[in-house]
Amino acid sequence: MEFFGKIVAAGLMNGAVYGLVAIGFVLIYKSSSVLNFSQGYMLLLGGYIFWSFRGGLRLDLFLSLLLTLPCAFLMGILIERITLRPLIGQPLLSMITVTIFLSLVLEGVASLFWGTYPLEQITIFPKGALKLGKTVLTTESLFAFGLAIVVMMVLIFFFRYTRLGLSMRGVAEGHEIMQSMGISVKRILTICWGIAGVAATLGGILLGGTLGFQLGLSHIGLLAIPAAFIGGLESPEGAVLGGLLIGLIESIVSGYVGKAAGVPASYIVLIVVMLFRPYGFFGLERIERV
Amino acid sequence: MLKLNNVEVKYVGVILVLRGVSLEVRDGAIVALLGSNGAGKTTTLKAISGLLHTELGEVTAGSIEYDGSRIDGMDPEQIAKRGIIQVMEGRQVLGHLNVEENLLLGGYIVKNSDIKKDLDMVYDYFPKLKSLRHSTSGYLSGGEQQMLVMGRAMMAHPKIMLLDEPSLGLAPLIVDEIFDIVTRFNAEEKTSVLIVEQNARAALSITEYSYVMENGRVVLDGPSSKLADNEDIKEFYLGLSKLGEKKSYRQVKHYKRRKRWL
Ligand SMILES: Nc1ncnc2c1ncn2[C@@H]1O[C@H](COP(=O)(O)OP(=O)(O)O)[C@@H](O)[C@H]1O
Ligand SMILES: [Mg+2]
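The listed protein sequences derive, respectively, from chains A and B. Letter by letter, the first sequence follows residues 1 to 290 of our numbering. Letter by letter, the second sequence follows residues 1001 to 1262 of our numbering.
Each hint should be verified, as a subset may be incorrect.
No farther apart than 25 Å at their CA atoms in a straight line, the calculated lysine to any residue pairs in the SDA-like style are these [to be verified]:
1. Lys131(A) <-> Phe4(A)
2. Lys186(A) <-> Lys1111(B)
3. Lys186(A) <-> Val1110(B)
4. Lys1116(B) <-> Ser184(A)
5. Lys186(A) <-> Leu1173(B)
Residues from chain A that keep clear of chain B, each with C-beta distances beyond 10 Å, as calculated [claimed, not checked]:
6. Ser103
7. Val136
8. Phe158
9. Val273
10. Met274
Note that these hints are calculated values from the structure, not bench results. C-beta atoms are modelled at their ideal positions from N, C-alpha and C, and glycine is treated no differently.
So here's chain A without its partners, still in its complex pose:
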């Protein structure tokens, strides 16, 4: 029982991070119908950029964050500008192909600048342990969990209640309609990609802080994709729940079956969910009217 509690806690914590990254994935899919398979590598690159400030230059934690976030926003924008903007409205296949190859490019960039070995361990959150009944939790993962949840809530609030958030939801419904109202779709898409870059980067920092900054982060970041699919691809709230679910599955399977089985299990669950609920659990209902 003790073991189970620990596993559930660990799963929820990783899951929160997957959810955060998945929100970025959902945002991009909603606004431009692009399935961004390079999201995991945006996470890697963003995490590495943070490491350079914090671990490389040994700057203060908050200053590092303050410097990293604009870079993350810019990374998202650049990716959209250079590779994906010309692809909007193109067949799904060419788009997916581009984002997959983009992943390789981003990984190449990461290994070129930071090398292929794990980077020096840095502490981000205060180390410590917290006892919850018989389960012992590290404060690090608690911080990561808390931060991921807070950022997700901020994002969801932002989509629901702000002017820009409403514009983003509008763009998700139809580009031409938005243009007919004088709203610049290009500008909104740029901001969406920027936010996705930031979400991925925050995910990278949180994961890097607990697991270490290493190339393998991208594979863990990729788990945001099944999270988004299970959530239904169109709902930020669904992405959060999908993330938590994937985190739990991964953690439970790793704990009881074996470490190597965790990630594959997440993908198996994805396949099963897709078979029975192709639109995920929170996908928007298709509105069909004649």
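We have chain A already, so just place chain B with the ligands on it with the hints.
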């Protein structure tokens, strides 16, 4: 004043659709653009609003002037900011957003707008929308959606409203209501209206001047009261009876058109 001089439009660089269209919309006027399916009415409106870009269309000759300066070649957002707002055919609501959210987005281009006052104005023209303001717009009836897209355009305080087939597929009673509101809005807000219609009878009754298009050209124009008596126009009325089958054909086509978003 809005003025089109010999406008020629091509799609994807080769399909010539408008072959020299000239027309004028005086400030404060309501003008009708009539013609059968495929005549080029929608293309004309999109040439004015700049939305042609998204369909790989382009003004290849002639000019479009608004208040003395050329607007052809400008981005649709810029043209909208100048006060020319198109209400596209087919009641294009932002389906998963609710009524009020649709309206709010319509007002976003107005700087320092009094959103509450603007919403009240729209709800005054369309009281029905007020009671529906929290409903998902995709599930509204056709008439309600038509009111919504028109209300959404009103939020932008347009100087010119380009209305594409507002009456298509609506019950006669609702058509009357909508046409009344167009007339009222025009009178009260001084917004010029260029209205594309298949329902020529209704359109001729509320407009001061009309143009009839055929095959990418204006073939007839004049004061609406005169056109109403014209023999050719009467024949044009007859063409309307085949509307049903043509409509469905066009919708299929519309769906398949290639788009370029940006
Ligand atoms: N995006 C497009 N690409 C190619 N041809 C088009 C496109 N849009 C319209 N057309 C063609 O242009 C002609 C005029 O269309 P349209 O302006 O929609 O007419 P109307 O609104 O009068 O029914 C039609 O023959 C139509 O097939
Ligand atoms: Mg048309």
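Okay, the hints, checked on the actual structure:
With a C-alpha separation of about 15 Å, the suggested pair lysine 131(A) and phenylalanine 4(A) falls inside the 25 Å cut-off, and the hint holds. About 20 Å separates the Cα atoms of lysine 186(A) and lysine 1111(B), which keeps this hinted pair within 25 Å; it holds. As the CA atoms of lysine 186(A) and valine 1110(B) are separated by approximately 19 Å, the hinted pair is consistent with the 25 Å bound. The straight-line distance between the Cα atoms of lysine 1116(B) and serine 184(A) is roughly 23 Å, inside the 25 Å bound, and the hint therefore holds.
Taking the CA atoms of lysine 186(A) and leucine 1173(B), the gap is near 40 Å; set against the 25 Å cutoff, the hint is violated. Against the 10 Å criterion, serine 103(A) stays outside the reach of chain B, whose nearest CB is about 24 Å from its own CB. Chain B leaves valine 136(A) outside its interface by the beta-carbon criterion, the shortest separation being 44 Å against a cut-off of 10 Å. The Cβ of phenylalanine 158(A) lies farther than 10 Å from every Cβ of chain B, with a closest approach of about 15 Å, so its non-interface assignment holds.
Every CB of chain B lies more than 10 Å from the CB of valine 273(A), the least distance being 22 Å, so the non-interface label holds. With a least beta-carbon separation of about 22 Å from chain B, methionine 274(A) lies farther than 10 Å from that chain, consistent with its non-interface assignment.
Checked against the numbered hints given earlier, this structure breaks only hint 5.
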